[in-house]
Amino acid sequence: MRLRVSVLMSVLAFTIGACGGAAPATPTSTVAAAPTSTALATTRSGFPSRSIAFIVPYAAGGGSDILIRSLDKIAQDLKVLPQSFTISNVAGGSGFTGKQQAIGKAADGYTLTIGDDSSVFGQLLNQAPMKYTDFTYIARLVSDYNMVVVRTESPYKTLKDWLDGAKAKPKGVSVGGTGIGNADHVQLANIEKRSSTQFNYVSFDSGGQVMTNLLGGKVDSAMANPSEAYEQMRAGKVRALGVTSPQRLADLKDVPTLKEQGVDYVVAQFRGVAGPKGIPADVVTYLEEAFRRVARSEQWKTDYLEKYQQADGFMGSADFTKFMDEFFKENEQSFKELPSLKQ
Amino acid sequence: MGDLAIDPVSGLGLGFQLALTPQNLLFALVGCLVGTAIGVLPGIGPVSGVAILLPVIFATKLDPTSGMIMLAAVYYGSQYGGSTTSILINTPGESSSVMTCLDGYAMARKGRAGPALAMAAIASFIAGTLAVLGLMLLAPPLTAFALGFGPEENTALMILGLTTLTRLAGRSIMKGLVAAAFGLALGTVGIDSMSGTPRFAFGNADLLGGFDFAVVAIGLFALAELFTNAEETLERPVIRTRFRELWPTMADWIAVRFTLIRATVVGFLIGTLPGAGATVASFMAYAIEKRASRHPEKFGTGVIEGVAAPEAANNAATGGAMVPLLTLGLPSSATAAILLGAINIFGYRPGPLLAIEHPDFFWGVVASMYVGNVMLLILNLPLVGLWASILRIPYGILLPFIVLFTLVGTYAINNNVFDIWVMLAFGVLGWLMRKFDYPAAPVVLALVLGPQLETNLRRALTISQGDYTTFLVHPIAATLLALAAFSLAWPLVMRVVRGRPTEVPVSNEEV
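Just so you know, the sequences run in chain order R and L.
The numbering of the first sequence is this note's numbering, which starts it at 1 and goes up by one.
The numbering of the second sequence is this note's numbering, which starts it at 1 and goes up by one.
Keep in mind that the hints were calculated from the coordinates and are not lab data.
Ideal Cβ placement from N, Cα and C applies to all residues, glycine included.
Hints may contain errors.
[To be verified] Derived lysine-lysine pairs resembling DSSO-like cross-links, with alpha carbons at most 27 Å apart: (1) 435/L - 73/R; (2) 307/R - 253/R; (3) 253/R - 131/R; (4) 336/R - 131/R; (5) 61/L - 79/R; (6) 131/R - 79/R; (7) 329/R - 253/R; (8) 167/R - 157/R; (9) 435/L - 298/L; (10) 301/R - 298/L; (11) 307/R - 61/L.
[Unchecked claim] Examples of chain L residues toward chain R, derived with CB under 7 Å: (12) 54; (13) 147; (14) 191; (15) 194; (16) 198; (17) 205; (18) 208; (19) 330; (20) 331; (21) 338; (22) 341; (23) 352; (24) 459; (25) 461; (26) 464; (27) 466.
[To be verified] Among the chain L residues that face chain R by a calculated CB cut under 10 Å, a handful are: (28) 144; (29) 334; (30) 414; (31) 418.
Pulled out of the complex, with its shape left as it was, chain L reads as follows (with noise of 0.2 Å):
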């Protein structure tokens, strides 16, 4: 399956050949640039940035390696830029930089948005590398692997990801799991996918597509924190960050250093899923580092980890993410399937036999990742004392500006209206819901996870007409079923053992 005609060494050496000419290394430069500003921007991830290029190589007879290594660029670029706003205003940058701001904003507050910045652009550096690393050296086992990945498979890693909930409750079990089902609620609005029935919808088109998830995440972090804040006071004090201490300290590469191991492992495989994505992999690779820490119970309150785990994460998913899109023509994402589309209009039909036809383009574009991820990395340093400055601007000045890029962002996610007024909405609520104590991370985590959660297993029981003990032939998904059954099981086996039967495990994240 999706074998390679030549060995990984000359192949990178013909790539290099080609992602080292100028023309390739302008592109791959505009690609990085317009990456990172897309990432920067609220709202408008990577599918809008590729999407907006489409236009560009339509009226242009681009060379193809070329043109894909400019829009690759602008693929895993965006995942530099996403963490930006998350850390300094909590404003997810994409869908895949949600968890990012848990702790990512949290640091900035506590004056670390410097070393938080730049542990998210050495993060997602190391994750793109190794990344690419898998994609040249792994692709055709890795292919089988994500076609060993059908509907039960995915159901099994969808409730999998669900039981990681229970890790992002906040203070109260309760009103963390009052949050999911509301987002599971949410996830059933639109046409449903498996009998084209529209639910929900009230006759309204706008509701058709259901939720999108980029935009009740802007609402219910970016906008709730700015209601909060302005009802204290616009006078609020100045973060101060302190310009000696941009950089992550000796004890932060500590905390990290199988942190970015774990994460870009779990992002890389989880990005080469269909449908799975980055956003999943972030929301994964997050819950595995706080299962993983020996202080569980600091996540949220801005520790490096928690920035570090799903900046690596999203980033290694976007290397994923092109192994099925090169090995086999078939994509795994929205935005693999823009770059599909990409690859046709470039004159070339994707397919098993695209990277052994021309092994110039395959080789050229993963070389070319190598030298995008190098100069990502020399982008992104030098603006981290940039960005952190911004909060040094007074909130009374910042409020309206960080108001008006949530509501561009929003607009341009879909170029609909109706949009900007559910991100309005959505702000309310979450304002509400901070008022409350109710946090926002599981609403979006169930609203990711439920309609694939749904239509997944409800694939799977057509395929096997009703039969549930499919999920348990199939040895991928009782795998990851027994998975979910110990990450339940576990603490309270533990409080059984260690005879301490009353005590509810409680973190106190400001989620």
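The following block holds chain R by itself, in its conformation from the complex (with noise of 0.2 Å):
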């Protein structure tokens, strides 16, 4: 007992005496434009002092995995955080099940998830068990558009084709897609309304069956993203008719967007880093730079971004917070308009 006692003083003078030496150095004060080698310094109230818990909730090797191992690795490199994530995948529940036994800890930053579109949609469907709006918002990290694909053998050349071919027989063309009440099912309920078209959308469990049905033939075009449909494309087994992004993609000049087909819709899935409501602000804003600094580093850029084909999406915790917000709404109005969302 007397042990415990004499080790907690310890910590704790060592504690008090970082925090004096270290107080001065304001986390927000530097806008990194050159990655910096050294670690922040910890908050006042001594944030962080050990590892910080991240609870993906996917499957390991999946995107939201990728991308937080990825973080995690690039801190290190950096030395941006004084100690790596613990990273647990609590998958299962369209990510609701990991969501909430992160939202049940305690809100001091040691706790983080992922902040995605699903949180939106899921509390839209009556799918989540919390809202939206019960989680912190650190940081948005990656964008990510979607894809209109075809079989190369396929009849539709363009994306007009391919919306002449629904307006010819409405629901008579098959689009294979993630899931109802998944980004592309959303996204697709967007394009029918502004192109006065009705299609077949059929869910599947995974984008890899997506891939697997539409090469297979069982279904006449998918939704897919790049990072997802870029080999087999340059295998020359997929076409794609158009992209959701403002402009055409680096990896993929010869796609052209929605926009310029006459489709006014430009969107994109995102990801980014949350946490339980109600983390502090200084620690979020310690967080908020710490992760800053690695999606504006070089090693983010190479190692992060074009080895796995995303798209930067950085946003800070308040523009990322004003964003679900936007994003809720925006979806909340679809989904009362758009017949093919309604329950």
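Make the complex out of the two chains shown on their own, each in a separate frame, by following the hints.
As structure tokens, this is what we get:
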């Protein structure tokens, strides 16, 4: 017992000492134009003094998992954070099981999870046991676009052919996607509205399954992220008819945007870091700054964005929170208006 | 579809040059060791096994071929170890080893744990090696076969799978069907993947993902067995495993000579299909074996074919799963999806061009799978004696350890404490089911097949816009449905032909 008390005392003394010395360096002061190799000073309250538990609410090896593992690794390589995350994958229940576990923990910054569009869609579909406002949004990291893809042998050569096919025979053209209430489903509904068409949306369990069924000719077309479709396109198995980005993507110069082809619709999926609601402002600022340094680094560009074909979508906490509110309102409207989204 | 740039002979030459370097041999060995350990531990299956190694891969700049050699070895290695706890303590090491419990544990109770363990290892070896051969020689046509399986075909396959329930029903068909209906009902819990609506989750985030098959199986099999034994007496006589009889007898070999071939083919083909995987493969192989057997009534009482069939099938299935992964970059199972992520992390982009642009990667991995299977056999056979001697430990000492392993294993599946409560609840339920003579196997079988049947059926009907004839115009689907109908009708027809209308086919397995 005595030993424990003395250990506690020395830890306390150490913390106080560390805080005293490091206090002036407020994390917000530096917007890292060039990545620094020094760790951020801890906050006044001594955050972080131990490893941050990151609950990835999706399976290992998936998009979110690779994002967080890359973030963790590069944060360590750049020495932005003093300790690695302790990452656990709590998959299942469309990500809500893991998110629920995370928001049940103390809002002290030591438990983080993914903040993404699924939190909004889940609420609008009454799928999620929580609201999107039950999170503190710390930083948005990436955005990802979607493409309309068909097999190379498909008669649809352009987006117009595809839309005309659906006009000629409402519900006659099938579109594979990753599930009702997921981004691609909402996106298709918006495309339908803007082009006065009706497609037959078929939902699958994963992007891999969508692609398998597209290649096997089980569905006429599909919605797929550039990173999912790129290799199939390069092998000449799949053709992209349009992408939801504002401009053509650097990797895929030949793929016209939807907007160019008369469908005025630009949208991105996004992923970032969130935590339980009510994380203290200084801790949020600390984490936001750490993630900003990572996201602005050269290593992030080469080892994450380029390697995994992701688009930078960095936003700080305030912007990300505002963005979530707007994203929610916009989609709430869509869910009211669009017939194929109404339940 | 999925053509390979090089012919198999020169490809394999290239592959073995890579696979036999000291570094890659070491990675294969590490993968085999980790895989075996993952397999032996209850609950933690290949999905978590591969996932556990991902951070290691992230932290180190591993050569892609070496990394994939290691991860693939974990994947197929886990199928070797999975049978161990099934046989010894009625605890499935992972979901694809549930069927091995039925006859494997029965064999152990008869003092034949040794032959059961040895047969599991050898069946795994033979099937694993044949599957690599299939992967190497038949990848392009198999890729086309796998792509031919859409929602219609999968629906028909799941219906065929469900007809095998009648083979697992135990003493009473009625009780078997009640158990199956319960399993189907369990399968409806969670977010409905077609509409996104939560069903029977009662606002509980832990229920949104539904009941994990492995969690339910550990409860119903392992824990229920413990409760039953504890209730009888802790002074249960130690099972004598005679060390002279660790090896399968001549009669055993004769019994399994066709089993191994049948189960390998079934497992391999099912493994290539998206969604089905090693678990369905092991069910199917067991059911087919029982059907083909001259003494189906003995299945469940400790026949060696009942061990060889699922163990060969689940190994062959991992080989099958590598086909779409390596030729198209498309995952057919949860583990394959993680391997796909790993290929990304290595810096390669998985897709149809991977095997063509990086023949060293493809052939290196294929060649290493031959090597790995030999390693696993060498690793596992000497362990047979060690494992079998575990049963000599007095039950009163063994029991708490088994409880501990099931608890830890269950938690490790999803890192979720809730799963432990679920497992305990199913343990109590399984104990009650035994008391009233309800079989457990149909529950888990229905829990695996039910959700897949439902989503595929609804998916197929979405595509056809409600037209049920879609199942008849797809030739593979129609054939599978005809087989299912035949499988149900055959016993009835035989009875009418033989003029013995009253007798219901009875099997007295202990499930």
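Hints, one by one, checked against the model:
For the hint pairing residue 435/L with residue 73/R, the CA-to-CA distance comes to about 53 Å; that exceeds 27 Å, so the pair is violated. Our distance criterion of 27 Å between C-alpha atoms is met by residue 307/R and residue 253/R, whose separation comes to about 18 Å. With a C-alpha separation of about 39 Å, the suggested pairing of residue 253/R with residue 131/R is violated against the 27 Å cut-off. As the CA atoms of residue 336/R and residue 131/R are separated by approximately 18 Å, the hinted pair is consistent with the 27 Å bound.
Distance hint between residue 61/L and residue 79/R is fulfilled; the C-alpha atoms sit about 18 Å from each other, no more than 27 Å. Restraint check for residue 131/R and residue 79/R: not satisfied, since their Cα atoms lie roughly 34 Å apart, outside the 27 Å limit. Of the supplied pair hints, the one linking residue 329/R and residue 253/R is violated, its CA atoms being roughly 32 Å apart against a limit of 27 Å. Taking the CA atoms of residue 167/R and residue 157/R, the gap is near 16 Å; set against the 27 Å cutoff, the hint holds.
This hinted pair checks out: residue 435/L and residue 298/L have alpha carbons roughly 22 Å apart, not beyond 27 Å. The suggested pairing of residue 301/R with residue 298/L is violated, with an alpha-carbon distance near 62 Å, which exceeds 27 Å. Of the supplied pair hints, the one linking residue 307/R and residue 61/L holds, its CA atoms being roughly 14 Å apart against a limit of 27 Å. Taking 7 Å as the C-beta contact cut-off toward chain R, the hint placing residue 54/L at the interface holds, the least distance being around 5 Å.
Interface hint at residue 147/L: satisfied, since its Cβ lies 4 Å from the closest Cβ of chain R, which is below the 7 Å cut-off. Look at residue 191/L: its Cβ gets to within about 5 Å of chain R, closer than 7 Å, so that hint holds up. The beta carbon of residue 194/L comes within 6 Å of a beta carbon in chain R, closer than 7 Å, and the hint placing it at the interface holds. Annotation: interface hint on residue 198/L holds; nearest CB of chain R at approximately 6 Å, less than 7 Å.
Of the supplied interface hints, the one on residue 205/L holds, with its beta-carbon coming within about 3 Å of a beta-carbon of chain R, less than 7 Å. A cut of 7 Å between beta carbons decides the hint on residue 208/L: the least distance to chain R is about 3 Å, and the hint holds. The beta carbon of residue 330/L comes within 5 Å of a beta carbon in chain R, closer than 7 Å, and the hint placing it at the interface holds. Given the 7 Å rule on beta carbons, the hint for residue 331/L holds: about 5 Å separates it from the nearest Cβ of chain R.
At a threshold of 7 Å, the smallest CB-CB gap from residue 338/L to chain R is about 4 Å, leaving the interface hint in force. Because the beta carbon of residue 341/L sits about 2 Å from the nearest beta carbon in chain R, less than 7 Å, this interface hint is met. For residue 352/L, the interface hint holds, since its Cβ comes within 7 Å of a Cβ in chain R; the closest pair sits about 4 Å apart. With 7 Å as the threshold, the beta carbon of residue 459/L comes within range of chain R, its nearest partner Cβ sitting at about 6 Å, so the hint holds.
For residue 461/L, the shortest C-beta to C-beta distance to chain R is roughly 10 Å, which exceeds 7 Å, and the interface hint is violated. About 10 Å separates the beta-carbon of residue 464/L from the nearest beta-carbon of chain R, more than 7 Å, and the hint is not met. At its closest, the beta carbon of residue 466/L sits 11 Å from a beta carbon of chain R; the interface hint therefore is violated under the 7 Å criterion. Using the Cβ-Cβ criterion of 10 Å, the hint placing residue 144/L at the interface with chain R is satisfied: the shortest such distance is roughly 9 Å.
For residue 334/L, the interface hint holds, since its Cβ comes within 10 Å of a Cβ in chain R; the closest pair sits about 7 Å apart. Among the interface hints, the one on residue 414/L holds; its C-beta lies about 6 Å from the nearest C-beta in chain R, closer than the 10 Å criterion. Contact between residue 418/L and chain R, as hinted, is supported at the beta carbon level, the nearest pair being about 8 Å apart and thus within 10 Å.
Hint violations for this structure: numbers 1, 3, 6, 7, 10, 25, 26, 27, all remaining hints satisfied.
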